[in-house]
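Trainee: Chains A, B, C and D are the protein sequences, given in the same order. Each residue of the first sequence is one higher than the last, beginning at 735 in the numbering used here. Each residue of the second sequence is one higher than the last, beginning at 735 in the numbering used here. Each residue of the third sequence is one higher than the last, beginning at 735 in the numbering used here. Each residue of the fourth sequence is one higher than the last, beginning at 735 in the numbering used here.
I should point out that these hints are in silico values taken from the structure, not numbers from a laboratory. A hint or two may mislead.
Since the list can't tell identical chains apart, any single copy or any two copies may satisfy a pair.
[What the hints assert, rightly or not] Subject to a maximum C-alpha distance of 25 Å in a straight line, what follows is the list of computed SDA-like cross-link-like pairs (lysine to any residue): (1) K973 - P943; (2) K973 - V835; (3) K973 - N1024; (4) K973 - D834; (5) K973 - A863; (6) K973 - G814; (7) K973 - E1020.
What you are looking at is a predicted structure, and each value in this text was computed from that prediction instead of being measured.
There are 4 protein chains.
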Amino acid sequence: MENLAFLGLGRMGRAMAANLLAAGHSVTVWNRTRQRCDELVGKGARAAESPAEAVQSADAILYSLPDERAIGEVVFGWAGVLEGVRAGQLAIDLSTVHPDVSRRQKEAYTAEGVDFLDAPVFGSQPEAAAGGLWIVVGGDRAAYDRAAPIFRPLSVSTHYMGCTGQGAAMGLIGSLIVALQIQALGEGLVLARKAGLNLDEVLEVLALPDFRSPIFSGMGPGIVRRDFQAVFSLEHLHKDVDQVARLAEQLLVPVPASAAVREQVKAAVANGWGAENASALVKLLERQANVVLGEERRGPVGD
Amino acid sequence: MENLAFLGLGRMGRAMAANLLAAGHSVTVWNRTRQRCDELVGKGARAAESPAEAVQSADAILYSLPDERAIGEVVFGWAGVLEGVRAGQLAIDLSTVHPDVSRRQKEAYTAEGVDFLDAPVFGSQPEAAAGGLWIVVGGDRAAYDRAAPIFRPLSVSTHYMGCTGQGAAMGLIGSLIVALQIQALGEGLVLARKAGLNLDEVLEVLALPDFRSPIFSGMGPGIVRRDFQAVFSLEHLHKDVDQVARLAEQLLVPVPASAAVREQVKAAVANGWGAENASALVKLLERQANVVLGEERRGPVGD
Amino acid sequence: MENLAFLGLGRMGRAMAANLLAAGHSVTVWNRTRQRCDELVGKGARAAESPAEAVQSADAILYSLPDERAIGEVVFGWAGVLEGVRAGQLAIDLSTVHPDVSRRQKEAYTAEGVDFLDAPVFGSQPEAAAGGLWIVVGGDRAAYDRAAPIFRPLSVSTHYMGCTGQGAAMGLIGSLIVALQIQALGEGLVLARKAGLNLDEVLEVLALPDFRSPIFSGMGPGIVRRDFQAVFSLEHLHKDVDQVARLAEQLLVPVPASAAVREQVKAAVANGWGAENASALVKLLERQANVVLGEERRGPVGD
Amino acid sequence: MENLAFLGLGRMGRAMAANLLAAGHSVTVWNRTRQRCDELVGKGARAAESPAEAVQSADAILYSLPDERAIGEVVFGWAGVLEGVRAGQLAIDLSTVHPDVSRRQKEAYTAEGVDFLDAPVFGSQPEAAAGGLWIVVGGDRAAYDRAAPIFRPLSVSTHYMGCTGQGAAMGLIGSLIVALQIQALGEGLVLARKAGLNLDEVLEVLALPDFRSPIFSGMGPGIVRRDFQAVFSLEHLHKDVDQVARLAEQLLVPVPASAAVREQVKAAVANGWGAENASALVKLLERQANVVLGEERRGPVGD
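Generate the whole structure from the sequences, applying the supplied hints.
Mentor: Shown next, in the form of structure tokens:
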């Protein structure tokens, strides 16, 4: 069992840190707002005053942060991770960020003799809580192997993608696919609604092996019931598709469907739905089509 | 067991007719080019000279035709189905067409005292051969119930969607989703390729529960191996997305991502890939990004 | 001076018929709702009871109709033009329709010994009233030459584009460009608004020779003043972009930007703005961006 | 007459510096590759060894640089502008960049007591050579007034847009509109070509007042003659549309048509046409539609 530092205790981070504790690791936690540490302290974690302090005696350092800016502060900032590290440690970035951010971290850690892995996770809070995430990892193979016992209580599956940044790239490609699935579901449901179909029946058909996607089964019923409580927030999706766009730009890859979806996500956030579930993307389609899903019992619409 | 007529013996039609024969039905077949009947005659079918002749003594009439024009000829044309029908029969259109085409047929059949179901199928030739299709059906509930023993040897699942045209609408919504899945796979793979990822590894990740889609697992390996032999042809997808666009236009439903995909499908067909598998859609993305998937062992590309 | 029949007295038709009368032609008019003939009768026109009657003694027959369906009724329908024509006449379709509609008419007229021109017009009601339209014409060159004295009081410029359908094709290409210009103006203005720019100043810049487009100068001020009274209605634009899409589909021409605009136009119509001016397309962008143009004096928005 | 420093002697910069010299200003020039200074030295300019040296004795400092990175080096870098400035000077950035880049400069200059204007120019090399540019300016009104005699020999028109960054924003909005105009021209021409129209005739129609745009008249003939020599390069357009996308993202403005165009521009650059004229964007449409504009005399295509 190892000494771990875990930084960033959002929905995902808290669940992961709890699983690491439960697996017998010794965990020091830190979060920008201190209260979020309390629950974990109650489970045996130690709370640190700063990232630098948190990492000092750790064998491995993990963090799950919302975006590049947060990584800038927590890793590179004042009293940040880099001020506390020492040679021989292993740093693991579990955030979904642009590969360039991974490469900048790799460079900084290497100068300190610290190993680094970019290791974004797939799955939402429920999977995190159940230790059922999927982790895609970039970095040195040896560091990946060293991380195996740490990943084990977090995930049902880990994939080694290649050198630094390639875990991050895979993370963004996953986001691209999720975004397109949500949009596909939305376009299909709005079309179905205006064609007079029963949406529960439609969702049953979309659960057939020919279409089946965890997005459809995971988000479809909520859309029809008008339940947009965030499991994976639209804001989060927005941030991800923006990074996908940046990566596609950098690599000169045209992504016409993703580009169309990105404009929708942006508009949905502009309309104030960022804190709702990513499935709230369909609200924009509803507005554009002047129809509301999930109210079909109230009679015909728009004619 | 019933007397059936089966018209239209393409890849899908032949497989379905064979399953109906194997289930013990008596089947009269017709196809525009006569030779395609021979194999089924060898299995016990009777071949007719025209649609009108084929349907004369049938209890139920089934057809699987490529598009609206073919239905125009086979059903409404000279020596077509409508010239041979008599009251009490049941006609089942297994093609994927616009709901308006279903409604026009319904009207014509009703005038002859014939029941009608629009019943597009999901699945490709392998599923058709294995009796493993999914059928979504519109029309009178009684006619749907009457068709049950006919659908049984063809399918693993049938769904009653509502009145005439709603089976067809569900069929098109399915096509919309398939088209977006293929495009999502293509955009993801091209991005992955230019990011230097190993595509076999990427396909493994896309097989995780968070993404898993039959399109990804069904088409991904073929793309990477450059196998574009048609199971479901790009031309077919093209025809379907055009009908989706027509339906969305008619119902005033904006479908921005589908619209972007449609332009890609159109361009892929304009480039002469229509007879290849629908997965050949990614060739256009490859051209746009100036990269070829599936050749990654040959070294870096474009830089 | 000739005997003319003019069918279809919408905003454009009335203005054109009046100009033909003013130029000294003898004009028989017809419109589905009879009252619209009165004003022209007051100016010396004769009113007919049906298209067939209107065209009987005409040398040339002109019509300006909203869409394919109207042409179906007025030209091909009961008591329609084709029932009244005789050999040697010239028929001129001034509507913006798909080239196939032109070709179908050409065939029918040829069977009757009647010449035919497809001759869509560019310009809105004010240009029509001032005899300042632009006409793009397809058909036989000889028929085009014969039509010159008829076009003269209507237009400042006529262009011979080639055989039947090529006038219509040019008409649709014009519509494509107009639609993209309107969308460009909208995207630019919404971006400008959110960037805090003064929109009157922006419109001045867009009037510079580098950007200058009659769409910008014609529609920009109205948008900022919130004046969406129809000169050229959004519904009309919607019908046109749908025909553009059909033509592009038929010719296998990918039009990604036009396709994106089409979805916007569709959504704007679905939101009930079809009877407003085509510039009301920007209302959709405003909604998507959650901002209103033309209210900038009320203080900052969305932040 | 003033002492001016002019940094960045690309196509545009050389022409502008020459006009400032011709107007009687005393000009010190600098360029990363020294040879480009020679021509201007021949016209009376003085060449400096570094940006810092060039600006030392200037009243006003102008620069026209390709992108943010160049501004980073020339302004903020080693021996850069900021190392040579002194209080009371005026710095004018003539580049097309993101407003954030303007704001960062403003802040740095203010700390040195230097005035700053963001002043992107519209027009290409010919307009620059003729002193016929349009300049859109952000910054303090007093600084704008002070710059008037400097702008005069460069431009036919200057517009004061508001505070720092608003000139830059207007510059990007102009780019958005230019990009959409080019794409509209391309989509129209490819459609026209496949519809069998004569493209010279089409360009004449597009020169009518209803459509007329300097883009159509400026780029149309070159496209048809296959002349893609850069006046305004595709690479330049690419850089601009990427900044437009960033600005739209930041301000949460959905720009669906621009987003579609951006993917096209990206693909055109990925295909290696970046150094050609921006009109080479149509080559991508040609490929997608499998047709070549400007070869219409060689007979039918693609069928």
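Trainee: All hints, please: hold or fail.
Mentor: Checked hints:
In this assembly of identical chains, the alpha carbons of K973 and P943 lie at most 25 Å apart only when taken from different copies (23 Å versus 31 Å within one copy). Taking CA atoms no more than 25 Å apart as the test, K973 paired with V835 passes in both settings, with 14 Å inside one copy and 22 Å between copies. Within a single copy, K973 and N1024 get their C-alpha atoms only as close as 27 Å, which misses the 25 Å cut-off; across copies the closest is 19 Å, which meets it. In this assembly of identical chains, the alpha carbons of K973 and D834 lie at most 25 Å apart whether taken from the same copy (15 Å) or from different copies (19 Å).
Only within a single protomer do K973 and A863 lie at most 25 Å apart by alpha-carbon distance; the minimum there is 23 Å, versus 43 Å between protomers. Proximity of K973 and G814 under a CA criterion of 25 Å is satisfied intra-copy only: 23 Å inside one chain copy versus 35 Å between copies. With identical chains, the CA atoms of K973 and E1020 are at most 25 Å apart both within one copy (22 Å) and between copies (22 Å).
Of the numbered hints listed earlier, not one is contradicted by the structure.
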